[in-house]
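K.L.:
The hints should help you fit chain B onto chain A, whose structure is shown.
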Amino acid sequence: MADRTSERKQEWLISAPSMVWLTVLFLAPTLLVFAISFRPSTPFGGVGEGWTLQTIRELANPNYPAIIWRTVWLSLATTVICLGLAVPCAYFMARARARWKPVLLMLVIIPFWTNFLIRIFAWKVLLHPEGLVKKLLLAVGLVEPRDILMYNENAVLLVLVYSYLSFAILPIYAAAEKFDFSLLEAAMDLGATRLRAFLQVFLPGISRGLITAALVVFIPALGSYVIPDLMGGPSGEMIGNKIAQRVFVDRNLPHASALAAVLTLAVVVPMVAVIFLQRQKKPARAKEAGG
Amino acid sequence: MPSTMDTSIQIEGVTKRFGSFAAVDNVSASIARGEVFSLLGPSGCGKTTLLRMIAGFEQPDEGRILLDGEDITDLPPNRRKVNTIFQNYALFPHMTVRDNIGYGLKVAGRAGAEIRSEVDRMLDLIQMGDHAGKKPSQISGGQKQRVAIARALINKPRVLLLDEPLAALDLKLRQRMLIELDNIHDEVGITFLYVTHDQGEAMSLSDTIAVMNKGKIEQTGRPEQIYEAPRSSFVAAFIGDTNFFEGKVTAVLDDEYSRMTIEDLGEVLVFNDKRIQVGSPVHLSLRPEKFRISRESPPENGRTNRLEGVVEDIVYLGSHTRYWVNVKDYRIAVTQQHGRFLLDEKPVAWNDRVFVWWHADDGFMLEQYREDDEELLTSPGE
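As they're listed, the protein sequences go chains A and B.
According to numbering that gives the first Met the number 0, the first sequence is numbered sequentially starting from 0.
According to numbering that gives the first Met the number 0, the second sequence is numbered sequentially starting from 0.
Chain A extracted, bound-state conformation (with noise of 0.2 Å):
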C-alpha cells in the first residue's frame, strides 16, 4: 500500500505543471465565461458591474432554436459520416502490408499540410456556380444549371466531413492497428458471415477508437465557426456564428459568453456522462474477477 500512495505522488507530481497549466489557461477562462454571462452589457460593448439574469432569458431569442437544432443535427450527421467512412478505411489500412502502412497514414495525414483555410477557400472554388464540381455534375446530369451548391447546409456538411474524416481515421486505425485479426477468422470458423464477423467482432474490438473519434469529430463540429462562416451563409449558420456576430456586430459580450456558456456545456455533459458510463463497467468487471 506505501509503494501505492507513493506512486500517487509521483503522479500528482509529474501531473502538477500540466494542471496548473490548464487550470490557468483553460479553466479560468471558462469559468469567466460562464460568469459574464450573468453580467449586463454596456452600450460600448464593455461588461457592466453587477448580476443579472437578463441575458439567460434573452437566449429564449425565437432563431436560437432553429439554429441550436441545425448545430445539433449537423454535428451528429457529421460524425456518424465521418465514422461511417473512417471505419472502412481504418480497416483497410490496418490490413495493408506493412510497407503500404506508412503510405496510407501519410495520405490522411498530407491534408493538414496545407492551411485549413486554403482548404476550405479551395472547396469554394470547387463548388462555385462555374467551379468543377458544378460543371462534371451538370455534365453528368445530375444537376441544373440553376442549382446552388454553395451557400446551404448540405455544403456546411460536406466540408465538415471533409475538415474532421482524418480526424476521425486517425484514432480507429490506432485502434484497429492493434486488433488481432485473427478474431474475424475465430469468428467466421465459428460459422459467422464476414459481416457478421465484421458487426460483431471487429467492431466491439475498436470500440474505444470509435468512441475517441465520435468525441473528436463531434466536439469540434458543434463549435464550427469558419466552415459555416464560409460556407453556409444565412441558411446555413451555426451556433458559432451566433457568437461571433453577438461579439464582433452587436458588441454584446455578456450575450456571446452565454451562448458559449451553452454550447460548453452541450459538449461538457454528454462527455462527463460518457466517461461515468465507462466507470460504471469497470467496477463490474473488477468485482466478477474477485469471485
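Bear in mind the hints are in silico, worked out from the structure with no lab data behind them.
Among the clues, some could well be false.
Across the chosen pairs, the derived CB separations fall in these ranges [to be verified]:
#, chain 1, residue 1, chain 2, residue 2, range
1, B, K273, A, K100, 52 to 60 Å
2, B, D60, A, L125, 44 to 52 Å
3, A, E176, B, L74, 25 to 33 Å
4, A, M105, B, G43, 28 to 36 Å
In silico DSS-like pairs for lysine-lysine, Cα to Cα no more than 25 Å straight-line [claimed, not checked]:
#, chain 1, residue 1, chain 2, residue 2
5, A, K177, B, K133
6, A, K123, A, K133
7, B, K273, B, K247
8, B, K273, B, K215
9, B, K143, A, K177
10, B, K155, B, K143
11, B, K143, B, K105
12, B, K105, B, K80
13, B, K134, A, K177
Chain A is faced by these chain B residues, among others (derived, beta-carbon under 8 Å) [stated by the list, open to error]:
#, residue
14, A54
15, F56
16, N77
17, N82
18, T83
19, F85
20, N87
21, F91
22, H93
23, Y102
24, G103
25, V106
26, R150
27, N154
Every residue, glycine too, gets a C-beta built ideally from N, C-alpha and C.
P.N.:
Just chain B now, with coordinates in the frame of chain A:
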C-alpha cells in the same frame, strides 16, 4: 488407401503458392476418422498453411480437400464442419467466457435456453464453471486454452484443427494440457489435426505423424516408425538427434544384414530391409542413445559394431549426459543416462580413451540424404 468410409480428411495434390514460393507443394494425405494426426515440421515448412486451407482461410491453387468424402475446397470457413483452435486462442476479448463458448451456437440461431445448457455442459467438461462470467483477460493461459477448446467442440465439428495450441504455454502447463487434450480426444472421439513444431507433443499425442519440410510431406507414419525408421536425413535429424555416416555396401549377407564400409572407420554390420546392392553408396543414421560407451572393451556377440576414440566433450543435461567422442575425423554424439554406469563406477572423463559400440539393428539406412540436413544436428559448443 483407406476407403472413404473411414477417411475423415482426404488431401489430394494440394499446392499453395505465395508469389513464386510454394508454401505447400503438391501434398496428398489421408487422415483416418477419429485419429490424432499431427503435421510436424520446422517453422515455414507449410504445415500451418495446410491447416488454414483445411479450415478455409486459404484457398489452394491446385488440388482438392475432401471432408468425409465431400469436396469442401471451395466452401467458405463458416460452412465447413471443422473448427479451429488458434495458436493465440483468439478468444473474443469483449465477451465473457460463457458468451465465447456459446458463440457458435448463437450464430447458428439456436434458442437461448439450449445454448445455456450446452455451454454449462462444456464448462463442466473443461472444469471452468466458476469462471463463466469472466472476460478472457481475467483468466490464465491454460484456462484460455480450455475455453478455446470448448468453444470449438460445442459445435460438434467433424474435425478439430489445432494450430500449435500449446506453443504459448510454459513447459509444465504444456505437459498438463497435453494430457488433457488426450483425455478430451478420448471423450469426444472426433478427428484431431494437430499442427506443431514440437516433436515431443507430436510423439505423445499422435496416432499418425506427417513430417513436413519445405512444403512437402517427407514421411508419414506412427510415432515409433518416424523415430526408429526415418526415411530421409531430414526426418532423422529433425526428430530427435542423430549421427550420419556415409559409406558403401560391401556385402549383402542375408535378408536382414549387410556390411558397409565407412571411410576411415572400416567395416560395420548394418540392419537392412531395403533392396540394396553391393557397391551402392548409403547413408547410415545412428541415434546418440543407441550407443554404449565404456573404457573397457565391450563383450563380443557378433551383432555389435565398435569404434575406439577419445572423449572430447561432456555435456551434463540433467536426465542424461551427452558425450562427444572423436573417432579419427568423426565426432560422434553419444547419450547415456548418467556417468556411473560403468563396472568400476568411475564416470567417463574428458580425454578418456573409450569404446563406443552399438547393435547392428539400431543403425538405420536412409533412402534419401541431403547435406543441408546436417545443420539440424546438435554440435558441441552450440
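K.L.:
Flag every earlier hint the structure violates by its number, smallest first.
P.N.:
Violated: none.
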